[in-house]
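**Student:** As they're listed, the protein sequences go chains A and B.
Per my numbering, the very first residue in the first sequence carries number 4; after that it's consecutive.
Per my numbering, the very first residue in the second sequence carries number 7; after that it's consecutive.
These are calculated hints, taken from the structure and not from any lab test.
Values in this document were obtained by computation on a predicted structure and should not be read as measured data.
By construction, the Cβ of each residue, glycine as well, lies at the ideal position given by its N, Cα and C atoms.
Wrong hints could be hidden among the right ones.
What follows is a list of derived Cβ distance ranges for each label pair [stated by the list, open to error]: (1) B:T194 - A:A173: 39 to 49 angstroms; (2) A:W195 - B:T135: 25 to 35 angstroms; (3) A:R123 - B:H144: 27 to 37 angstroms; (4) B:S28 - A:R123: 32 to 42 angstroms; (5) B:S28 - A:V132: 27 to 37 angstroms; (6) B:M175 - A:V36: 26 to 36 angstroms.
Here are some chain A residues pointing at chain B (derived, C-beta under 7 angstroms) [to be verified]: (7) Y183; (8) A186; (9) S189; (10) R194; (11) R196; (12) A198; (13) H201.
Footprint (simulated), chain A over chain B, 3 or more residues, beta carbon under 8 angstroms [as the list claims (entries may be wrong)]: (14) 29 to 37; (15) 45 to 57; (16) 69 to 82; (17) 89 to 95.
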Amino acid sequence: MGTEKRSQAAWRSVGPNRRSTRTLRLRTSAVLVTATVLAVLLVPPLVQLDQQAVDLSAKLLPPSWAHPFGTDDVGRDLLLRCVYGLRVSLLVGVAAALTATVIGTAVGATAGALGGWADRGIMRVVDTVSSVPHLLLGIFIVAMFRPGVWPVVVSVALTHWLSTARIVRAEVLSLRSRPYIDAAVSGGASRWRVAVRHLLPAVLPQAALAAVLMVPHAMWHESALSFLGLGLPTHTASLGTLVQTARGSLLAGQWWPTLFPGLFIIVPTLAIAGLAGAWRERINPRRRSELTL
Amino acid sequence: MLELHAITAGYDRHAPVVRDASLTIAPGEAVGLLGPSGCGKSTLARVAALLHRPDSGTVVLDGTSVRRWRHRAPRELRTAFGVVFQQPRLSSDPRLRLTDLIAEPLLATGRRQESAERVAELATTVGLTSDLLARRPHEVSDGQLQRACLARALALRPRWLICDEMTAMLDASTTAALVAVVEDYRHTTGAGLLAIGHDRTLLQRWCDRTVHWDTLRSRPCLT
C-alpha cells in the first residue's frame, strides 16, 4: 500500500492542484464534446429550418432573441449555419483522421514488422514526404479535384498519416524483440499471423489515441483550406467557408459573422483535444508529452 | 542429431556475445548447459532454436545444415523445437487467455479442429485447472504461467526441447513438477533436450550430461 502511494506520488505531485485542474479539464471537455455531438446530430432533423433560406430584409442583424448569433450578409441565421458547418467540419475531421490512422498504421506496422532494408526504405519515404510543408502539400492535393468534402478528406488524410506511421513503427520495433514474439515464431506463426495476432492488437491503443488527437487538427485544416477558397464550395456551410464569407463585413464593424464560427472551430477542437489528452495520461502517465497536437 | 559448430553470434557484429561455441545433442539425450549470467547461453539457445541467425558457424539438424532463420526457416524445422524461456511474463502475449496461449501454435499451423482436445490434454499434463485456463497472464502466478508456457512448447510435439533457465524464477515444488513433465514427455517421445541454467545440482540430477560454458569453445581463446 505504502509503495503504491509513493509510486503514484512520483508521477502526480507536479503541483498541489494538478489533479483537480485535470479533472475539471476532463469534465469540461466531456460536456462540450457531448453538447457538440448532440447539436450536430439532433438539431438538423429536429429543427425543420432551412439553413440556406435567404432573407435580404434581415441581412447582417446583430445577435438578438430571434437570431442568437445574428444573421449573415444575405440574412441567413448564423446559429443554424454554424451548427450545419460544424457538422461538415466534424465529418471531415473524423473521416480524415480515420483514413490517416489506417494508412499510418499499415505503413508503420509494415516497416516495423519487416525491419531491415524494407524498414529503412519506407521510413525514408516518410521522411521525404514530411519534409514538404504539409499545408502546402494539402493545397496541392485539394487543387487537383473539384471542391467538395471528399477531396478535403483525401488531402488531409494523405498529409497526416506520417506521425502515426512513426509512432506505430516505433511501438512495433520495441514489441518485435520481445520473447513472446520469439515464442510465436517458434510455434510456426507466419509473419502475417505475428503481425495480426500479436503486434497490431498491442499498438491499437496508441493508434486510436493518435486518431482522436488528429480529429481537431484535421478540422483546423478543413477550415484553413475552405478559408483559402480551396476546400468546400461557398454554398456548403463549413466553419472555414463561414469565416471566409464573413471577412468583408468584419471591416465594416459587424463582428458576429466571424466571431461565432471562429468560436465553433476553437471550442469543440479544444474539447476533443482535452478528452484525448486525459485518455493519453490515463493509458500512460509517463508519456504525457510525447504526442503533440 | 542437433549439432552446433563454431557458432559466433550476437547483436552487434563487432562485439559477438557467443564466440566459437560448439555443442552436439543426440536424439533422446538431455544436455545441461551451465554458465554464469550474461555469458551468452540464451543467445546460443536462440541460435539452436533457429530464432537468431549466427554471424558465423553452422547448425546441422539431422544431417542437414540450416540455412534460414526465424520466419525464413521452413515451418516444419521451426516447429521441431519447443522453447521455454526464462521469464514467463515476457514470453506470453498479455492479451491472450491461457487456453489461447497454449493453443496458439496449433492455430498458427492450421490445426484448429484438434486444438481444444490437445489443450485439455496438455493442461492436465502440466497441472493447470480449467479455472486457470480462462485467465489472462496478469491474473496468474509466475509458476502457473510457466506451466502454460511449457504446455505451449509441447503443443506441436517437438523433437527438441530447449529450456532456457525455465525454472530460474520458480519455487522448488513447481521446478520439480515442470522437470517431471519434461522428463515424461522425453520418455514417451524420445525428444532431445537442451536445458540451460546456473543451478548445477538441478542440471546434474536432471540431465544425462552437463557441460560448462567454458568448455564449448572449439578453439582456444586468444584473449
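**Student:** May I ask which of the numbered hints given earlier this structure violates, with the numbers listed in increasing order?
**Tutor:** 5, 6, 12 and 14
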